[in-house]
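Chemist: What follows is each chain in one-letter form.
2 protein chains.
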Amino acid sequence: MSEVVGAENVLVDDAARLARATGLSYLDLLRRRSPSVEFPVPDAVVLPAGPDEVQAVLDVCVRHDIGVVPFGGGTSVVGGVAALRGDKASVIALDLVRLDALVSVDAESRIAVLQAGVRGPEAERLLGEHGLTLGHIPQSWERATIGGFAATRSAGQASSGYGRFEDMVTGVRLATPRGEWKLGVAPASAAGPDLRQLAVGSEGTLGVITEVALRVRPTPAVKRYEGYALPGWAAGADAVRDLAQHHALADVTRLSDVDETEVSLALNAGLKTAALRRYLAARGVRRPCFLIVGWEGSAHEVAVRRRETVRRLKAAGAVRVGKALGESWRHGRFAGPRQRDALLDRGICVETLETAAYWSNVDELRDDVRAGLTASLGRAIVMCHVSHAYETGASLYFTVLTARDEADPIGQWQRAKAAACEAITGLGTISHHHAVGVDHAPYLSAEIGSLGVEVLRAAKSAVDPTGILNPGKLI
Amino acid sequence: MSEVVGAENVLVDDAARLARATGLSYLDLLRRRSPSVEFPVPDAVVLPAGPDEVQAVLDVCVRHDIGVVPFGGGTSVVGGVAALRGDKASVIALDLVRLDALVSVDAESRIAVLQAGVRGPEAERLLGEHGLTLGHIPQSWERATIGGFAATRSAGQASSGYGRFEDMVTGVRLATPRGEWKLGVAPASAAGPDLRQLAVGSEGTLGVITEVALRVRPTPAVKRYEGYALPGWAAGADAVRDLAQHHALADVTRLSDVDETEVSLALNAGLKTAALRRYLAARGVRRPCFLIVGWEGSAHEVAVRRRETVRRLKAAGAVRVGKALGESWRHGRFAGPRQRDALLDRGICVETLETAAYWSNVDELRDDVRAGLTASLGRAIVMCHVSHAYETGASLYFTVLTARDEADPIGQWQRAKAAACEAITGLGTISHHHAVGVDHAPYLSAEIGSLGVEVLRAAKSAVDPTGILNPGKLI
Chain A
1 MSEVVGAENV LVDDAARLAR ATGLSYLDLL RRRSPSVEFP VPDAVVLPAG
51 PDEVQAVLDV CVRHDIGVVP FGGGTSVVGG VAALRGDKAS VIALDLVRLD
101 ALVSVDAESR IAVLQAGVRG PEAERLLGEH GLTLGHIPQS WERATIGGFA
151 ATRSAGQASS GYGRFEDMVT GVRLATPRGE WKLGVAPASA AGPDLRQLAV
201 GSEGTLGVIT EVALRVRPTP AVKRYEGYAL PGWAAGADAV RDLAQHHALA
251 DVTRLSDVDE TEVSLALNAG LKTAALRRYL AARGVRRPCF LIVGWEGSAH
301 EVAVRRRETV RRLKAAGAVR VGKALGESWR HGRFAGPRQR DALLDRGICV
351 ETLETAAYWS NVDELRDDVR AGLTASLGRA IVMCHVSHAY ETGASLYFTV
401 LTARDEADPI GQWQRAKAAA CEAITGLGTI SHHHAVGVDH APYLSAEIGS
451 LGVEVLRAAK SAVDPTGILN PGKLI
Chain B
1 MSEVVGAENV LVDDAARLAR ATGLSYLDLL RRRSPSVEFP VPDAVVLPAG
51 PDEVQAVLDV CVRHDIGVVP FGGGTSVVGG VAALRGDKAS VIALDLVRLD
101 ALVSVDAESR IAVLQAGVRG PEAERLLGEH GLTLGHIPQS WERATIGGFA
151 ATRSAGQASS GYGRFEDMVT GVRLATPRGE WKLGVAPASA AGPDLRQLAV
201 GSEGTLGVIT EVALRVRPTP AVKRYEGYAL PGWAAGADAV RDLAQHHALA
251 DVTRLSDVDE TEVSLALNAG LKTAALRRYL AARGVRRPCF LIVGWEGSAH
301 EVAVRRRETV RRLKAAGAVR VGKALGESWR HGRFAGPRQR DALLDRGICV
351 ETLETAAYWS NVDELRDDVR AGLTASLGRA IVMCHVSHAY ETGASLYFTV
401 LTARDEADPI GQWQRAKAAA CEAITGLGTI SHHHAVGVDH APYLSAEIGS
451 LGVEVLRAAK SAVDPTGILN PGKLI
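Residue numbers (the UniProt record's numbering), protein chains in the order written: chain A, 1 to 475; chain B, 1 to 475.
Bound conformation, chain A alone:
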């Protein structure tokens, strides 16, 4: 391996290997905090410098039958980077951090090619020099990478406007055990199935994504975020559905349920909560659901689009809360993962999970997941929001807080998560944007059929006949 990437880019020390051994799920954090819990650790960390070196590393791994776990930002919350080795004697973490370049910009076509290891902020900085933005801002943005976004079908907080990550992918370059694979020659095609959509979401099992061609947009001159309150969950969901079904979605559209709104009111004294409650109650909103809406673009575009959104929101009974709520959310939007560490220190079990469903299933799905979680956990705070809306349905994102069972903290959450996954199966997707990894793999065949799993296995065998790529993930 050293002859491929240089000896200084093959790390075998404990700190380097441990740092690439897990993602950032609650269970990952528990495992890392508990000296008694064992988890798999890669035998080495390899840091190739570019697509050619990634390919060369794979060739070595094929020859020596070494498992390969692609590693980007390490922000998986579903075990996507767990150092499983399957039937292999050894496994490496293939850290893509050195694939850090903006490869090309085609301003006319609004396409930029970025290497897989570029993190969210660096992608925006590199594109910003060309007056462009990706607009892909998931909560993991500060650490997560372009390759990881593509491998997991990421969705960002502004994806109602900018699209999900797979909507932005115009092309993809992968290193596979059978050689390089490049896809994407046109914005749309009828040249058979869209194999880009097979590569996107393949979670390192069909190849190592080394470069991604992405649709980009001009850096917005104006970003306007504001808050509204809807009278209850049903009214809120109806309002978001109305926007989604009438070309009137804002770029950011995030509806909290009553529980999440109450927690946010309780935590956010700066909003002058009591006065706000009186103001809303006077307008008939006694159990508010907060809605954050945000538009980005030229001043003219934002004005035109905002007018439509606001017109429909008012007709749906929304009461404007003002810019403070929108800006408060915007500035705090990466804080969640950091707050989690503080909560863990205080004996709290805190985790999130998410799904999506067609509109006619959304309410039942929310009720069933809440019921499953509370039946398993007992006293718990379960909050929910819609973070992504489509014409045909919406995502649901749950945040759960409960007292940690110190006797069996891992089992406590595993049981609750299983209850939630069982509630989801049949009503929605097992993941809207967190991906499958290890944690959701048992539920995949219920969603895509045993034939679907066999098709994925067959595709994998075609590009990875000896099964070195990310053993134990997805399928």
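Since the hints were made in silico from the structure, they are not lab data. By construction, the Cβ of each residue, glycine as well, lies at the ideal position given by its N, Cα and C atoms. You may find that some hints are simply not true.
[Unchecked claim] Partial list, computed: chain A residues near chain B (C-beta under 7 Å):
1) Pro177
2) Arg215
3) Lys272
4) Ala274
5) Leu276
6) His300
7) Ile348
8) Ser445
9) Gly449
Let chain A serve as the given structure and place chain B on it in line with the hints.
Modeler: Structure of chain B alone, referenced to chain A:
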């Protein structure tokens, strides 16, 4: 077979078999007109009544190793329904015409499930009873079917607004030799690769599509179509790109090049051509490119969206030609295929072909395809239009007219088509919405890589291990 579908639904007479032997390409029409040209004909036509009967027919075909060519509207222009038998002793045309039901409507989620054999007009009639529309109107609409749209990644004339057919597909049900396969539980998902996008575009090679769940929209109260003239191709393409990159595309957006505009002016005396030319010339448009734009929706939506489109068009130098041009196109938009028969009678070689590319390649692609066609054909009229625009690129649709070489009419077009395909390879996709079939199969591996073809073959082996499904197509 008779025990599955009833004896009356197994047709072996020549007329029935011949009627399902070809599609509607120029070469198909030539073959049908020439008594000396042989083409493959299915051994029988089988007409199952629903998804269960389709599955039962496939089971019989697996047992007896019979090839199966799914047959919808028979409008393929790329040999998609050619009765090839591969290594099978016999082959049937599986005509899906009896799968003609609207299965369900979920108005809240705006999803309707239609069976595969429903034709375009019937789909609109069935949905219209619920106040809904699909809005998918390709030129083949009068005959083509829901299953065919899905199997070929169809794009309609209004797909700038309603989306391509694959954008409408929320779920798909297939019969495969390994059993039924159902996909689609949510509007978006990160549960691995999107296998719906593998089924869509699979052209009968991965299964027989029996039902499709589709995003629908309310029947528009207003349809407004109008025409503009742009000063030349470059200005026209720039204007369409500007619309696509600023949320300002009309639902129908169709830009003709100078040659197509000249033919349309010459054919359309009702537009008072001379006066129109003077009017345009006085406004600086001497070599006009016509642009048809159309909006559909509520009166308010159409007004708001039209205002944005027109504002940008005027800034781009477009001169309004008026509603007559838009309405004239709208009413004549299915006439092309019918006119072709008349032209064939008069010794004309007439055919269309299409591609798509990123914006920075669009001009070169248009030039190269035109050059390839005229180098091969000699004197020919080659017209081109953009019928579908995206943020990152556009489709190009070519219509070719030339004197037929009566000594070798098939060879004449095969050579010209090969020249066009070679011009396309490397710059664009081999098909934007006509699909692969037989005619484009030789060019697929240049587009998706030999690994891409192997992945498709592997996927096919998983669901169709004995290879009965649509032999010789796609891969």
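Chemist: All hints, please: hold or fail.
Modeler: Verification of the supplied hints:
Hint status for Pro177(A): violated, given a least beta-carbon distance of 10 Å to chain B, over 7 Å. Among the interface hints, the one on Arg215(A) holds; its C-beta lies about 5 Å from the nearest C-beta in chain B, closer than the 7 Å criterion. Using the Cβ-Cβ criterion of 7 Å, the hint placing Lys272(A) at the interface with chain B is not satisfied: the shortest such distance is roughly 36 Å. Using the Cβ-Cβ criterion of 7 Å, the hint placing Ala274(A) at the interface with chain B is not satisfied: the shortest such distance is roughly 37 Å.
For Leu276(A), the shortest C-beta to C-beta distance to chain B is roughly 32 Å, which exceeds 7 Å, and the interface hint is violated. For His300(A), the shortest C-beta to C-beta distance to chain B is roughly 9 Å, which exceeds 7 Å, and the interface hint is violated. Given hint, Ile348(A) at the interface with chain B, is violated; its Cβ is 27 Å from that chain's nearest Cβ, farther than 7 Å. This hint is violated: Ser445(A) has a C-beta 10 Å from the nearest C-beta of chain B, more than the 7 Å allowed.
Using the Cβ-Cβ criterion of 7 Å, the hint placing Gly449(A) at the interface with chain B is satisfied: the shortest such distance is roughly 5 Å.
Hints 1, 3, 4, 5, 6, 7 and 8, counting from the list given before, are not met by this structure.
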